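Student: Sequence:
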Amino acid sequence: MADKKKLLLLDGSSLAFRSFYGLLDLNRFKNQNGLHTNALFAFNRILERLFQTEEPTHMLVAFDAGKTTFRTEFYDEYKGGRQTMPSELAEQWPYFKVLIEAMGSKTYELPNFEADDIIGTYARQAEKEGFEVVIITGDKDLTQLATDQTRVDITVKGVSDLKAYTPESIREEMGIEPLQIIDLKGLMGDSSDNYPGVRKVGEKTALKLIKEYGSVENLYEQIDSMKKSKMKENLVADKENAFLSKRLATIDLDTPVEMELNQLTLAERDAEKLVSFYREMNFNSFLNDLDHTEDDRSDSFEEIVYEAVETITEDHFSNEMALYVEMLEDNYHYGKIVAISWGDEKHLYTGKAEVVLQSDEFKNWAEDQSKKKSVYDAKRTIAMLHYAGIELKGVTFDMLLASYIINTNDSGRDIAAVAQEYQYTDVSFDETVYGKGAKIAVPEDNAILFEHLARKVQAILKLKTQLITELEKNNQYDLYFEMELPLAMVLAEMEITGIKVEPEQLEKMKVEFSKRLEEMEQQIYEEAGEEFNVNSPKQLSVILFEKMGLTPIKKTKTGYSTAVDVLEKLSVTVPIAQMILDYRQLAKLQSTYVEGLLKYIKPETGKVHTRYIQTLTQTGRLSSTDPNLQNIPIRMEEGRKIRQAFVPEKEGWKIFASDYSQIELRVLAHISGDEHMKEAFIEGQDIHTSTAMRVFGIENPKEVDGNIRRQAKAVNFGIVYGISDYGLSQNLGITRKQAKEFIDRYFEKYPGIQAFMERIVEEAKEKGFVETLFHRRRYLPDIKSSNFNLRSFAERTAINSPIQGSAADIIKVAMIRMQKAIKEKNLQAKMLLQVHDELIFECPEEEVAILEELVPQIMENAVDLTVPLLVDSNYGDSWYDAK
DNA sequence: TGGTTCACG
DNA sequence: ACGTACGTGAACCAC
2 MADKKKLLLL
12 DGSSLAFRSF
22 YGLLDLNRFK
32 NQNGLHTNAL
42 FAFNRILERL
52 FQTEEPTHML
62 VAFDAGKTTF
72 RTEFYDEYKG
82 GRQTMPSELA
92 EQWPYFKVLI
102 EAMGSKTYEL
112 PNFEADDIIG
122 TYARQAEKEG
132 FEVVIITGDK
142 DLTQLATDQT
152 RVDITVKGVS
162 DLKAYTPESI
172 REEMGIEPLQ
182 IIDLKGLMGD
192 SSDNYPGVRK
202 VGEKTALKLI
212 KEYGSVENLY
222 EQIDSMKKSK
232 MKENLVADKE
242 NAFLSKRLAT
252 IDLDTPVEME
262 LNQLTLAERD
272 AEKLVSFYRE
282 MNFNSFLNDL
292 DHTEDDRSDS
302 FEEIVYEAVE
312 TITEDHFSNE
322 MALYVEMLED
332 NYHYGKIVAI
342 SWGDEKHLYT
352 GKAEVVLQSD
362 EFKNWAEDQS
372 KKKSVYDAKR
382 TIAMLHYAGI
392 ELKGVTFDML
402 LASYIINTND
412 SGRDIAAVAQ
422 EYQYTDVSFD
432 ETVYGKGAKI
442 AVPEDNAILF
452 EHLARKVQAI
462 LKLKTQLITE
472 LEKNNQYDLY
482 FEMELPLAMV
492 LAEMEITGIK
502 VEPEQLEKMK
512 VEFSKRLEEM
522 EQQIYEEAGE
532 EFNVNSPKQL
542 SVILFEKMGL
552 TPIKKTKTGY
562 STAVDVLEKL
572 SVTVPIAQMI
582 LDYRQLAKLQ
592 STYVEGLLKY
602 IKPETGKVHT
612 RYIQTLTQTG
622 RLSSTDPNLQ
632 NIPIRMEEGR
642 KIRQAFVPEK
652 EGWKIFASDY
662 SQIELRVLAH
672 ISGDEHMKEA
682 FIEGQDIHTS
692 TAMRVFGIEN
702 PKEVDGNIRR
712 QAKAVNFGIV
722 YGISDYGLSQ
732 NLGITRKQAK
742 EFIDRYFEKY
752 PGIQAFMERI
762 VEEAKEKGFV
772 ETLFHRRRYL
782 PDIKSSNFNL
792 RSFAERTAIN
802 SPIQGSAADI
812 IKVAMIRMQK
822 AIKEKNLQAK
832 MLLQVHDELI
842 FECPEEEVAI
852 LEELVPQIME
862 NAVDLTVPLL
872 VDSNYGDSWY
882 DAK
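Final position of the first sequence in the numbering used here is 884; the numbers increase by one with none missing.
The hints are simulated quantities; they were obtained by calculation from the structure and are not laboratory data. Where hints are given, some of them may not hold.
Restricting the straight-line Cα-Cα distance to at most 30 angstroms, the calculated cross-link-like pairs of lysine-lysine (DSSO-like) are [stated by the list, open to error]:
no.	residue 1	residue 2
1	Lys247	Lys233
2	Lys205	Lys164
3	Lys353	Lys364
4	Lys394	Lys603
5	Lys80	Lys231
6	Lys831	Lys642
7	Lys570	Lys741
Label-pair restraints from in silico Cβ distances [stated by the list, open to error]:
no.	residue 1	residue 2	range
8	Gln370	Glu846	28 to 38 angstroms
9	Ile305	Thr397	15 to 25 angstroms
10	Val573	Thr626	33 to 43 angstroms
11	Asp566	Gly35	30 to 40 angstroms
12	Gln524	Ile683	50 to 60 angstroms
13	Thr626	Asp446	30 to 40 angstroms
Computed from a prediction, not measured in an experiment: that's the story for all the values here. Quick reminder that beta carbons are idealized off the backbone N, C-alpha and C, glycines included.
Model the full assembly from the supplied sequences, consistent with the hints where possible.
Tutor: Right, dumping it as structure tokens:
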């Protein structure tokens, strides 16, 4: 212990505000209950850094007690006109004290006084006792407290940078003594604290005057001898203000604080409180750091008993167990199983992959439908074991899927992160065991690996009941057990089946494209008058907006935009814009689709195997990755040709595709109950034509021309997205006023839709979430935000999510029934892909007729709505031809 | 690693 | 007055 005593004084109120605005990422920093945590996160970082750099022996965090202080008693405008605290910060306020006290420091506030006064008082007391004092604040006024024993650190930008003020540095920078800061303030006033000073006197003039006269008092004593000037007149006129302002700026060094200095001794961190606080706030990185700083991390774990198996017997299995298969790679179609663990309440077993996968006993158990298995990520587990020659059956619970249904933010691969959401911490993060980045590896010591896996299995066992209870509470039992869990098995099968892609097609395109790209590149260089990287938006914007002197149309965060809409506008003036558009289109096809796809073709089978991510989107849709097969080009003919490479696996087979027609608008018609929109669908009208007729007052459908229909279509889309006049105007290239008129007319003609929008936003505000037809939830904490943008976004999301999500629910039901029907009818057909509103199959030619009946029948009847669902089907020799 | 652009529904 | 359409993934650049 250092014999030198050091007191750290923090201006809690000021730092809390700085923390909030310095890390204003409200979307990212939210805990599971929707509480914003950005300021707490930033504040924690400040605290941790201060402990490291300052190593204080004593500490206090002072807060302002309230609006009225002794200063407002003699100047009631003091700090008037300040904005009220944003609600997103207010909700975090109570937790600052929890955090600070868990860190071992005291907090303090005193009615009638500000944090400054408390800090000033303790600083002076401590100086007398020979302490070294450090003050941390965002408020420059406190520099008046700087002495040889007291340093004042002011936050520069945000909270990461601090600037130290000592008497010397103040002298050097401003040419005055710390205490003269008060006189300075007296003359110049303070706009943020809302007191005036002397008119027309800013920092520069005030500094000059203080250097000359020393203090406000001195200045006025000698004012008669001052030369006649406008400034002198002002000084005389505002004399009262000057003294008032000086008084306001003076920190009270004698506040009646109740704690003795020795009570401010910094205590040990309260690890238990800190852990539960971090857990509540979902601060996983801090939790992790906390783990690392513990001398013996495993001490914080409960003991665990498991058996490392070398020889596997039937005794190792029971009727109901949890199972975890470990693989470090993300892509389970290509990775290698490391080890496997399984167990029940009584026994936990773990073994290396070589041992377990060779065992007939394990295979028999895994493939036995009647032996129930709980897992973490069923689809992944099924796929991994499939490639090891084992067809896993009897999966009755998936922890990852369950936690995603309860909270769509739980999508991670790491079981520890999800477990932590449910206050279970008896399992390590993968990162702590395997490392990260390039150094990721299985630990050399088998015992470490085995224990880690055994703990994962135990986590699944321990959390199962809790998760199921939560699902029941949310009315999501069926969504989980009847939809998502069965779907996981369906998706596993689709992924494993894969789809055949002919490399010859793509190779041909690759050669052609690269030749054309080179030509286009040369032409662009000629237009530009120099060579540059056409793929670099930054270099391109230099060419366009600096060298060629074109007028920028749109800005991005980092510079001028060169996106499609901008280049389209520029193409009227300069030919290079169109060339770049053409180049980009082709370059995209080449790099993402031609070359990109080629990399994913498995040489042995000629197939690509995407992975559907079932636990990612906020709406319930699937996503597809490695490769993404949900965004293969279709809109432009040139890109559409990529689909010619997607072919059936077997000779003489066909690609068969069925897609829902207008599913989102039909869902909207159903959940809004709008009579007119329902009628249009029930009578089988073209919805966009029908909208055009109603909104533009056209009687005869034949009079609806292409352009009018296009506009009506854009409005319909806008409605689904939670329309705004601005968005619609951008999309249609019309004025905001016109767009607003469209929308108003629309709501007039479809009053049920407007009522639905108002209702759903209201509901979101009440409950904090919105729901799909099948009770899939999306939480919207920003719906009550004081920030216009965040709130507006949440409102649009409240409208869109039930629509997009219900459509996602419907196709998921159809997929499960389709897979079942194929098996029951013993068809050879295989379901290959899902692209949000369409399903793609391959089948022998003779089954085409069956699918033409069966697929629409199942898709259209997946759910019973108040409007019909309609499905279109097509088939051909390739995906391209199934149109 | 974040920003920009662009492919899809 | 505010500054947006909803949901994704991949390639590339620049730091």
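Student: Compare the structure with each hint and give your call.
Tutor: These are the hints, each one checked on the structure:
With a CA separation close to 18 angstroms, the supplied pair Lys247 and Lys233 stays within the 30 angstroms bound. Simply put, Lys205 and Lys164 have alpha-carbon atoms about 21 angstroms apart, close enough for the 30 angstroms limit, and the pair holds. A C-alpha spacing of about 15 angstroms is found between Lys353 and Lys364, which places the hinted pair at or below 30 angstroms, so the restraint holds. For the hint pairing Lys394 with Lys603, the CA-to-CA distance comes to about 26 angstroms; that is within 30 angstroms, so the pair holds.
Only pairs whose Cα atoms come within 30 angstroms are accepted, and Lys80 paired with Lys231 is accepted, the gap being roughly 29 angstroms. For the proposed pair Lys831 and Lys642, the alpha carbon gap of about 23 angstroms is at most 30 angstroms, so the pair holds. Restraint check: the Cα-Cα separation between Lys570 and Lys741 comes to about 24 angstroms, which is no more than 30 angstroms; the hinted pair holds. Taking 28 to 38 angstroms as the suggested C-beta distance range, the pair Gln370 and Glu846 conforms, at roughly 34 angstroms.
Ile305 and Thr397 have their C-beta atoms about 24 angstroms apart, which keeps the hinted 15 to 25 angstroms range intact. Taking the beta carbon of each, Val573 and Thr626 are about 39 angstroms apart, inside 33 to 43 angstroms as hinted. In this structure the supplied range 30 to 40 angstroms holds for Asp566 paired with Gly35, their Cβ-Cβ distance being about 35 angstroms. Under the hint 50 to 60 angstroms, the C-beta atoms of Gln524 and Ile683, about 54 angstroms apart, fit the expected range.
In this structure the hint that Thr626 and Asp446 lie 30 to 40 angstroms apart at CB holds, the actual value being about 33 angstroms.
When the structure is compared with the earlier hints, no violation turns up for any of them.
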